[in-house]
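Kindly produce the complete structure, drawing on both the sequences and the hints.
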Amino acid sequence: MLNPKSFSKHNIMSFAIVFFIALFLSGCANNNHIVRAESQSKSQEGFRYSSSCITEQEVVEAQKAWGEGIIKIGKAYSSNGDYVKAASEHINEYYGYDLSLVLFKPTLASHSQFRTSFDGALSYFVGGNPSYEEDKGFALRPWTKVRWENTGIVNNSCNVAIAMGNYYFTDVEGNETKVEYTLAYAKDENENLKIIVHNSSLPYTNGK
Numbered sequence: 001m002l003n004p005k006s007f008s009k010h011n012i013m014s015f016a017i018v019f020f021i022a023l024f025l026s027g028c029a030n031n032n033h034i035v036r037a038e039s040q041s042k043s044q045e046g047f048r049y050s051s052s053c054i055t056e057q058e059v060v061e062a063q064k065a066w067g068e069g070i071i072k073i074g075k076a077y078s079s080n081g082d083y084v085k086a087a088s089e090h091i092n093e094y095y096g097y098d099l100s101l102v103l104f105k106p107t108l109a110s111h112s113q114f115r116t117s118f119d120g121a122l123s124y125f126v127g128g129n130p131s132y133e134e135d136k137g138f139a140l141r142p143w144t145k146v147r148w149e150n151t152g153i154v155n156n157s158c159n160v161a162i163a164m165g166n167y168y169f170t171d172v173e174g175n176e177t178k179v180e181y182t183l184a185y186a187k188d189e190n191e192n193l194k195i196i197v198h199n200s201s202l203p204y205t206n207g208k
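By the count of my numbering, the sequence shown reaches residue 208 at its end, each step adding exactly one.
Take these hints with a grain of salt, some might be off.
Lysine-lysine pairs mimicking BS3-like chemistry, simulated, CA-CA at most 25 Å apart [as the list claims (entries may be wrong)]:
id, residue 1, residue 2
1, 105, 64
2, 136, 72
3, 178, 136
4, 136, 75
5, 178, 145
6, 75, 178
7, 64, 136
8, 85, 105
9, 105, 178
10, 145, 105
11, 178, 72
12, 64, 85
13, 85, 72
14, 64, 178
15, 85, 136
16, 136, 105
17, 64, 75
18, 85, 145
19, 75, 145
20, 72, 145
21, 64, 145
22, 75, 85
To be clear, the hints were calculated from the coordinates, so they are not data collected in a lab.
Structural data, given as structure tokens:
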């Protein structure tokens, strides 16, 4: 048993320090749990998808609108308009960067192949970003027509639709470029179709 007389001021001070350190560490642990919980909550808020099913017709309409958006960017560039704004609006309207991670692998990208950020996508369409020196601005060609040939559209999961096929880009001289695509769509909370996966590439030429 402790003898009160032998419990010196030094012992009391040591005990107090240990007590407050333990209290502080306990508070830090609780705060860490709170921060992690808030972080998880904010992360979950980013995934705001609609629960309604996606139809094939909605995918076809979204593809057509995407093509018109590419043409619009080129027109803005050719007329000395604000083509960067047009491209930004295009990305915001048709891609789900505000929803979650977007897996975008553009056609003409070799060094920075995957554009998982808004800035990476914007650079691909209009160039001008020193972080992506290879980008010349795909939408600045400009293109006058985009037509689609879907090999198929799968929406068995209801909330996500996947389309695969070829799309053809026509330039101002009438030359048409064939490109392969795979696209995955999800609906946001406002029922707007958003691209969450976009894989695009030129057809294999067998070295020719």
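Right, here's what the structure says about each hint:
1. 105 / 64: holds (20 Å)
2. 136 / 72: Distance of about 17 Å is within 25 Å: holds.
3. 178 / 136: holds (19 Å)
4. 136 / 75: holds (16 Å)
5. 178 / 145: holds (12 Å)
6. 75 / 178: holds (21 Å)
7. 64 / 136: holds (24 Å)
8. 85 / 105: Between residue 85 and residue 105 the Cα gap is close to 22 Å, so the pair holds against 25 Å.
9. 105 / 178: holds (16 Å)
10. 145 / 105: Judged against 25 Å, a Cα distance of about 22 Å means the pair holds.
11. 178 / 72: holds (20 Å)
12. 64 / 85: holds (20 Å)
13. 85 / 72: This hinted pair holds, its Cα atoms lying about 11 Å apart.
14. 64 / 178: Holds, at roughly 16 Å.
15. 85 / 136: holds (17 Å)
16. 136 / 105: The given pair, whose Cα atoms are some 16 Å apart, holds under the 25 Å limit.
17. 64 / 75: Holds. Residue 64 to residue 75 sits at ~17 Å (cutoff 25 Å).
18. 85 / 145: With a Cα-Cα distance of about 21 Å, the restraint between residue 85 and residue 145 holds, given a limit of 25 Å.
19. 75 / 145: holds (12 Å)
20. 72 / 145: With Cα atoms ~10 Å apart, residue 72 and residue 145 stay inside 25 Å; holds.
21. 64 / 145: Roughly 10 Å between the alpha carbons, so the hint for residue 64 and residue 145 holds.
22. 75 / 85: Distance of about 12 Å is within 25 Å: holds.
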